[in-house]
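Protein chains in written order, with our numbering: chain A, 659 to 944; chain B, 2 to 263.
The reader is advised that the hints may include incorrect statements.
Unchecked claim - Restraint-style ranges between C-beta atoms, simulated for each label pair:
#1 B:T16 / A:M840: 19 to 25 Å
#2 A:A775 / B:D129: 45 to 51 Å
#3 A:T857 / B:G143: 27 to 33 Å
Hints listed in this document are in silico derivations from the structure and should not be mistaken for laboratory results.
Bear in mind the structure is a predicted one, so any value in this text is a computation, not a measurement.
Using N, Cα and C, we set each Cβ at its ideal position, and we do this for glycine too.
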Amino acid sequence: MKAVAPILTVLAAIVLLWYAGSVALNAKWTYDQAARAGESVTVSQLLSDTMSQKRPVLPAPHQVAQGLWQGLAGQAITSKRSLVYHGWITLSATLLGFALGTGLGIVLAVGITHSRAMDLSVMPWAIASQTVPILAIAPMVIVVLASLGVTGLLPKALIAAYLSFFPVLVGMVKGLRAPDSMQLDLLKTYNASQGETLTKLRMPSSMPYLFASLKVGVAASLVGTIVAELPAGATRGLGARLLSGSYYGQTVQIWSALFTAAALAAILVGIVGVIERITLKRMGMA
Amino acid sequence: MTAAPVISARGLDLTFETNDGPVHALKDINLDIERGEFVSFIGPSGCGKTTFLRCIAALETPTGGTLRVNGMSAEDARKERSYGYVFQAAGLYPWRTIAGNVKLPLEIMGYPKADQAKRVEKVLSLVDLEGFGKKFPWQLSGGMQQRASIARALAFDADILLMDEPFGALDEIVRDKLNEELLKLWERTQKTIGFVTHSIPEAVYLSTKIVVMSPRPGQIYEVIDSPLPRSARPLDIRDSEEFLQVAHRVREGLRAGHAYDE
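Next up, chain A with everything else stripped away, as it sits in the complex (with noise of 0.2 Å):
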């Protein structure tokens, strides 16, 4: 518990900042609105005033704890203004993707371990396409889906996937090769099958790569699934709540989506570092 007042004091002093950072940016509107009317403004005329405009250029803490509050409880969950209904959207979308990006991942990452063409094949494709802008693919891929007539759910999961797999690779080339050659020495004594030698030593000796990676997956699927929400004139999902909330200028709306991705990613993350505890734990791995 010592960690408490450390942590405390950093979230203050952020907090503070804020305050301090939104007085500072919404201060000319308030000059402009003042200077129009031919009257002048006090300090505490002046703080109000920023801490309480309809569309600030930042936002106050308190006015994107009250639109975050608005949007999560003060609607019905089914409402198009609640949160909790675009971060549905957005979060079944994350999982779909994540689920295919692991998948495609592990599988990929088992063919390069056992195959030295894959290995040279497949992995410069796979780092190739990391380095193109997921901005700049993703209109793409909604666009040429939707005129296949594939909309909704799948596009956004299929972006979330090109995400979130590269990593999962990346960790299980790494995990699926841990073993040393004294392990596959042993194994190779008992003539053991390439198949016996990745279900009994390989796959498990990569779980704590396979966590580590899943780690950063699920981050990446989300980032991927708001990113694919934001062309395309998408209507749902925390992407489009962001797109919106730009497009009308309410940067409250827009620091409330932000904040529900960033908790929705934190809960992501912290669901798979309990899975990762409790597994490798009865592995007696941790």
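With the hints as your guide, set chain B onto chain A.
Then chain B, alone, in the frame of chain A:
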């Protein structure tokens, strides 16, 4: 079949191609190991003792000469699962219990389930680990882990046991105890054992035949048949005149083979 040696090497050569040029690891190895013998390979590092053991196990492929194991090529013998191999480190899977680790070769070799459990119990008692089957490797001491790895090598029906410095990483007290147990085990199971070590007392205490090797290139300098009784070797046999004489011969052999150069 009884007359034919279990392991027979004729003019065995092995050269590794490395980036620094070829390394002559084994040169003209000629050796016969009879059924039921306990043969130690002793020599300084680089003398090829481990390499030769790995050749017998078909983990290395000789570049010249012939090597027969159980009347087959070493590769076929490996595929027939003719030997159990004990490495320097126990190498138990941390995610398996001790029983699970011992069961590993049985699962791979397709032994029936009921038989697996029986065999695990039998070999665990053979290495004095009854009741430890449900423990995980990290709950055991280094010596107990190495015993479990020996049990793993004994679990299936291989009549050859190859051991590569199995007690090298253990302290001397544990090592003495395990040596004594290994002899009892050998007597009970009638296996043919190939044992790599760089400890002279260990080699003399355990073996019926001591193969003294010398480095650069790795070759056999001398094969010493032990005059010590085959069975009933208590630990204090090491203070006997006979024992010291054999140890002296091994040391002389190592010196003549330039083991103490540098």
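Consistency of the hints with the structure:
1. Our hint of 19 to 25 Å for T16 (chain B) and M840 (chain A) holds, since their Cβ atoms are close to 23 Å apart.
2. At roughly 49 Å, the beta carbons of A775 (chain A) and D129 (chain B) sit within the given window of 45 to 51 Å.
3. Taking 27 to 33 Å as the suggested C-beta distance range, the pair T857 (chain A) and G143 (chain B) conforms, at roughly 28 Å.
When each numbered hint is compared with the structure, no violation occurs for any of them.
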